[in-house]
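Asks: Just so you know, the protein sequences line up as chains A and B, in that order. Numbering of the first sequence is given in this note's numbering, commencing with residue 1 and proceeding in unit increments. Numbering of the second sequence is given in this note's numbering, commencing with residue 1 and proceeding in unit increments.
Keep in mind the hints are simulated off the structure, nothing from the lab. Keep in mind that the hints are not guaranteed to be accurate.
Identical copies go unnamed one by one, so any copy, or any two together, can satisfy a pair.
What the hints assert, rightly or not - Here are the computed lysine to aspartate or glutamate pairs in the DMTMM-like style, where the Cα-Cα straight-line distance is at most 20 Å:
(1) Lys88 to Glu111
(2) Lys220 to Asp63
(3) Lys220 to Glu109
(4) Lys31 to Glu4
Every value quoted in this text rests on a predicted model; they were computed, and no experiment measured them.
There are 2 protein chains.
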Amino acid sequence: MFTERFLRHRRGVHLEIEERARLETAIGEIKTLPPRTNVVVAGEELSQSILLLEGFMSRYIDDRNGLRQLVAVHVPGDFVDLHAFPLKILDHDVATMTAATVAIVPHSELEAITHDLPALSRKLWFSTLIDAAIHRAWLFRLGRLDAVGRVAHFISETNVRLMSAGLSDGRRFALGLIQSDLAEICGLTNVHINRVLRQLREERLCVFRSSLVEILNPEKLAAVGQFNPAYLYIDLQSAEAPSSCPRPIT
Amino acid sequence: MFTERFLRHRRGVHLEIEERARLETAIGEIKTLPPRTNVVVAGEELSQSILLLEGFMSRYIDDRNGLRQLVAVHVPGDFVDLHAFPLKILDHDVATMTAATVAIVPHSELEAITHDLPALSRKLWFSTLIDAAIHRAWLFRLGRLDAVGRVAHFISETNVRLMSAGLSDGRRFALGLIQSDLAEICGLTNVHINRVLRQLREERLCVFRSSLVEILNPEKLAAVGQFNPAYLYIDLQSAEAPSSCPRPIT
DNA sequence: GGCGTAAATTAACCTGTGTCATCACGATTG
DNA sequence: CAATCGTGATGACACAGGTTAATTTACGCC
Chain A
1 MFTERFLRHR RGVHLEIEER ARLETAIGEI KTLPPRTNVV VAGEELSQSI LLLEGFMSRY
61 IDDRNGLRQL VAVHVPGDFV DLHAFPLKIL DHDVATMTAA TVAIVPHSEL EAITHDLPAL
121 SRKLWFSTLI DAAIHRAWLF RLGRLDAVGR VAHFISETNV RLMSAGLSDG RRFALGLIQS
181 DLAEICGLTN VHINRVLRQL REERLCVFRS SLVEILNPEK LAAVGQFNPA YLYIDLQSAE
241 APSSCPRPIT
Chain B
1 MFTERFLRHR RGVHLEIEER ARLETAIGEI KTLPPRTNVV VAGEELSQSI LLLEGFMSRY
61 IDDRNGLRQL VAVHVPGDFV DLHAFPLKIL DHDVATMTAA TVAIVPHSEL EAITHDLPAL
121 SRKLWFSTLI DAAIHRAWLF RLGRLDAVGR VAHFISETNV RLMSAGLSDG RRFALGLIQS
181 DLAEICGLTN VHINRVLRQL REERLCVFRS SLVEILNPEK LAAVGQFNPA YLYIDLQSAE
241 APSSCPRPIT
């Protein structure tokens, strides 16, 4: 069940058994990738997309001075570059952050799904739109929050996403990021990230180590980051039992 | 021909005549809206989407202090909240900036298109992914550019988008935005936007008045904003003659 | 088990942008 | 015609975060 985490707990897009089966058969290959490896380069034509099974990946845009802005961090269950199916050419690079296991899905398979299963097709569309919603939350973060707020927002968001993937208990989770990753995510320098992390530690909101993030006060952390998880469309209550609640999406 | 500008000049998604016709018949109503009017509120369930015909619209997220971050500016030809079709509930508000004319498309029509015309369906998907690509460019802008760069980037982007819509000659275009709109777009204060605009004027890069934007030196403006238009997927060369170049998108 | 390198930490100083306040101008309205 | 309001312009000052550089810690590797 490679697609187990895909769209899990997402409101209104529960995958039917046959849809999930179809996605499973669409997978061409399972690959393990080393950490810090580029897998997609901006401008190249693509004929496959990547479903992330284990580990963390990022998408980023380079600037003229060799710096980069991360535009997305992906957690297990994310269909990292599904948008490459309609777009064919991406405007950014994609890379692993940690070691990662991925499932490769050829676009020809997605093409077939488009014709055969319009409902599944729309769920795939939905999944790319959640990525866009996350982009918007990141815009809010960069445009309206100060340094502490940005870090608090990112950690709160990541916590919720990992809870949905079953990889956080709401207080502690493993995350393979280092401080300069946070800097590239939050539009800050790594020096300042370090100051912010110290502050969060001293105020007993959260402790960030590259191997482990521990949230001491989730409510206050979310408040500092003005974090409202609605944009993630996650409903942790939603029963995972496949047959319990087959709700139509229209 | 209300859909005339939709996906115009977009690389790889030329609309076939019958697809365009189908979209035209999907339109339920044409409306004129006054400036500075909210049309969608975050959290409400939607059953229709808006194709912008004339004027400018915005999407934004409010913060706790009554400030807002714009996450998108829409120009004629944009399917402003098409993503509400799969998502149903939006994470942000949508409003007019100037007076605007819009075409209302019921989701039931889009639903039908999903089943009947997978190819058109994928072009609609594509269109929402361009919005996501623009989100990413905005993330780059906020995360990696200083104040002058951000404004230069936004003006360069808007110029290209309006050229594609036939509303800029590459040097001059009308834009109904005021300085505090730019502030909400660029994550700056209106005081500082004012300083930046003066600098751009003095350096003879561009002159911004709420009624008219005049770019004196497009190349240098783009350089200051590190603007690379690839993410817009616009190809102005692409023949507009409907029959000349019916290229498949796969 | 020491070595080498990447990551984290901290300090001193600097600067870009925010804050606050005031004024000018034009459009609208009573 | 005065009053009001939205918008733009500008100056003085404050401060969040950048820059630079040095030091410490953690960790894989021979």
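Asks: All hints are to be evaluated individually against the structure, with a verdict given for each.
Replies: Hint check results:
1. In this assembly of identical chains, the alpha carbons of Lys88 and Glu111 lie at most 20 Å apart only when taken from the same copy (12 Å versus 24 Å across copies).
2. When the C-alpha separation of Lys220 and Asp63 is checked against a cutoff of 20 Å, the pair qualifies only between copies, where the shortest distance is 16 Å, while the shortest distance within a copy is 34 Å.
3. Taking CA atoms no more than 20 Å apart as the test, Lys220 paired with Glu109 passes in neither setting, with 45 Å inside one copy and 44 Å between copies.
4. Proximity of Lys31 and Glu4 under a CA criterion of 20 Å is satisfied intra-copy only: 17 Å inside one chain copy versus 44 Å between copies.
Of the hints listed earlier, the one the structure fails to meet is number 3.
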